[in-house]
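J.: Residue-level listing of the chains:
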Amino acid sequence: MAMAALRREGRRLAPLISPQSITAVRSSLISQEQAPLGLRSISTQIVRNRMKSVKNIQKITKAMKMVAASKLRAIQVRAENSRGLWQPFTALLGDTPSVDVKKNVIVTISSDKGLCGGINSTSVKTSKALKKLTAGPDKETKYVVLGEKAKAQLIRDSKKDIELSITELQKNPLNYTQVSVLADDILKNVEYDALRIVFNKFQSVVSFLPTVATVLSPEAVEKEAEFGGKLGELDSYEIEGGETKSEVLQNLGEFQFSCVLFNAVLENACSEQGARMSAMDSSSRNAGDMLDRLTLTYNRTRQASITTELIEIISGASALEG
Amino acid sequence: MASNAAAPFWRSAGMTYITYSNICANLVRNCLKEPYKTEALTREKVHFSVSKWTEGKPEKPTIRSDTPED
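If you read the sequences in order, they're chains W and V.
288 is the number that numbering that gives the first Met the number 0 gives to position 289 of the first sequence; each next residue is one higher, with no gaps.
66 is the number that numbering that gives the first Met the number 0 gives to position 67 of the second sequence; each next residue is one higher, with no gaps.
Derived by calculation from the structure, the hints in this document are not laboratory data.
Treat the hints loosely; a few may be bogus.
Here's a subset of chain W near chain V, in silico, CB distances under 8 angstroms, partners left out [to be verified]:
(1) Ser-164
(2) Glu-167
(3) Asn-171
(4) Leu-186
Don't be surprised by glycine CBs; every beta carbon is placed ideally from N, CA and C.
Just need the whole structure built from these sequences, with the hints factored in.
T.: Now the structure itself:
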């Protein structure tokens with residue numbers, strides 16, 4: 000009964016002390032020392048509500064972490080297996096990030112959903128840096144954007160350079176057919192000399208490296224072949240089927256793009272799940288810390304109010320006696 | 000860089016090598032026997048939404064999908 004009275008008091012006094020102390024509760028949660036002297040401290044109701052919501056958030060983020068961990072396990076195997084698709088291409092045609100061509104198309108891969116840490120921002124940053132690197136007189140660079148998050152970030156300052164934007168990629172589990180249809184769409188709609196695919200390569204659960212994979216168009220391969228190196232040795236290979244070299248190069252180029260894109264999409268999905276796992280993990284840890292601090296505040300408030308009540312009762316009793 | 004040999008039939012029909020290999024893969028998957036066949040065909044589902052941009056504005060997105068929209 001006394002506690003109920005105190006709570007009423009607290010509520011009545013709360014508007015009086017509201018501007019400073021309630022914001023103090025929100026910001027530092029150690030409000031007693033900062034409340035003006037002589038006023039009763041914040042009622043325990045507010046702190047209790049905060050504790051309840053923080054505990055719910057902790058449960059939710061912990062669940063999200065588990066979900067991300069299980070998805071990661073499933074997709075990691077596929078990503079590592081898909082690396083074998085493009086390795087023969089790199090052995091044959093080489094990966095030449097420093098190639099100098101007129102038309103660059105940057106394919107940025109990102110996720111549709113958020114709460115996955117910083118991987119989408121690093122992809123976008125890498126794309127923008129790549130655009131600056133490949134810019135120059137007579138050269139143009141365009142973007143093809145996969146995923147909502149990169150689209151949102153690139154819209155802000157590179158609206159005119161976006162050629163295609165693709166979303167809803169992960170509605171069904173990722174498979175090669177889907178990515179190859181996508182690659183086909185890109186090839187049909189975009190003119191390019193070199194395609195640069197920007198994605199986050201999955202090294203381990205805590206490390207994701209932004210990488211750029213370069214795929215050249217058949218004409219660009221012909222030009223580079225004149226400079227020697229890996230591409231110059233193409234003539235020493237025997238081609239079965241009696242097709243001309245340019246025919247084979249065109250087929251190879253398209254297939255290479257499709258394989259590299261498939262691997263890139265899988266690796267990015269892995270990185271997304273890994274980043275989400277670590278983001279949700281740190282979030283639940285922070286929620287736990289916040290909960291500890293709130294519990295201390297709550298106990299202190301409760302004990303202070305009990306003490307105040309006791310003091311009043313005792314001083315009232317002693318006033319009556321004497 | 001015109002090729003002197005005649006282009007294969009699918010190239011002159013407008014398909015890329017990717018489309019050609021996908022059709023071949025689909026034919027191979029359809030040759031499987033029953034439980035494996037449905038598993039393999041679920042690996043072929045396509046769904047994404049693409050929108051072409053002109054002058055900094057996206058056009059209406061077209062959804063390319065095997066599954067019908069509900």
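J.: Look at each hint and say if it fits the structure.
T.: Okay, the hints, checked on the actual structure:
1. Ser-164: For Ser-164(W), the interface hint holds, since the closest Cβ of chain V sits about 6 angstroms away, which is under 8 angstroms.
2. Glu-167: At about 5 angstroms, which falls below the 8 angstroms cut-off, the nearest Cβ of chain V leaves the hint on Glu-167(W) intact, so it holds.
3. Asn-171: holds, 4 angstroms
4. Leu-186: holds, 6 angstroms
Against the hints set out earlier in the document, no violation occurs for any number.
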